[in-house]
Amino acid sequence: MSNKRIAFLGLFVALAFVLSYIEYLLPLNIGIPGAKIGIANLAVMVTLYTVGEKSAIALSVVRVVLVGLTFGNISMMMYSLAGATLSLLVMLIAKRIGKLSMTGVSVLGGVSHNIGQIIVAMLVLETESLFYYLPFLIVVGTITGVVIGIVSNLITVRVKKVLSF
Amino acid sequence: MKKNDLILIAVILVITLASIAGIRLWQHNNTGGAATAVVTIDGVKYGEYPLSSDVTERIELPDGSYNILNISGGFAEVTEASCPDQICVKHNHIKYAGETIVCLPNKLVVEIEGGEDNGIDGSTH
Ligand SMILES: [Zn+2]
Chain A
0 MSNKRIAFLG
10 LFVALAFVLS
20 YIEYLLPLNI
30 GIPGAKIGIA
40 NLAVMVTLYT
50 VGEKSAIALS
60 VVRVVLVGLT
70 FGNISMMMYS
80 LAGATLSLLV
90 MLIAKRIGKL
100 SMTGVSVLGG
110 VSHNIGQIIV
120 AMLVLETESL
130 FYYLPFLIVV
140 GTITGVVIGI
150 VSNLITVRVK
160 KVLSF
Chain B
0 MKKNDLILIA
10 VILVITLASI
20 AGIRLWQHNN
30 TGGAATAVVT
40 IDGVKYGEYP
50 LSSDVTERIE
60 LPDGSYNILN
70 ISGGFAEVTE
80 ASCPDQICVK
90 HNHIKYAGET
100 IVCLPNKLVV
110 EIEGGEDNGI
120 DGSTH
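Taken in sequence, the protein lines are chains A and B. Residue numbers 0 to 164, in numbering that gives the first Met the number 0, belong to the letters of the first sequence in order. Residue numbers 0 to 124, in numbering that gives the first Met the number 0, belong to the letters of the second sequence in order.
Please keep in mind that the hints were generated in silico from the structure rather than gathered at the bench. Treat the hints with care, as some may be off.
[Unchecked claim] Covered, in the sense of this in silico footprint (three residues per stretch, anywhere, with C-beta under 8 angstroms from a C-beta of chain B), are these stretches of chain A:
(1) 36-43
(2) 93-104
(3) 119-127
The beta carbon of each residue, even a glycine, is placed where N, CA and C say it ideally should be.
So here's chain A without its partners, still in its complex pose (with noise of 0.2 angstroms):
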């Protein structure tokens, strides 16, 4: 890895965490479990577009451990950390598979993220009840993926250029 994408790395991360504490002190509280704006998708998004999957893998679980333990508890830790592995999962799949552009695999992250918090919770709570929620989920997570995607796609843009240099 060249220094330069390094330095992008250790910004897209503290970029992560910032975009995180700003979703902690706004929530996004429409009394649905497990929704969420999920704006630290966008330095995912963008460290898989521009450092590469790998990093991606490594920005996701450093960002829910710190995030977890500076503003949350362990259970807490659990619900995101289902989410963003679901959620990278998918978008790493859809990456690859190169049928989608930007935007359509922050939407399937965005989507697979609020599902795999609610399986979770479902899980933790022992019911099944939750599952009534999954549609209002999957449209939260459609609408906040198609913005995220194109402000990923501005940021990706311009990033590359500097890294092309």
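Knowing the structure of chain A, use the given hints to seat chain B with the ligand on it.
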């Protein structure tokens, strides 16, 4: 954005909106006059409250945290809670079968059970 992205988004939205409509319809058709709010804590049933009689119940957990359940006008809602995220308090009041209010930090679930007309729970017939 590619054409594929738009197709993906359209497919997701159509499927989910149709399921939301389907769920709503099912809920309306499966809520009878004897609907109750069932409170579960950490998977264990705590209590059952008929929606037909107004009541305010303070649900205390062993670790000192609490949720206040209020039933009035046929609706159930959590009016106060000790949890940090307050998602349960922010949740709209509920009255239809299958609707839930969840407090993840307190592992508390309030779920509406349909009552007499509910074909799922045969024991209430
Ligand atoms: Zn709560």
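Results for each hint:
1. 36-43: Check failed, 0 qualifying residues.
2. 93-104: holds (count 5)
3. 119-127: Three-residue rule met by the region 119-127 of chain A, so holds; n is 5.
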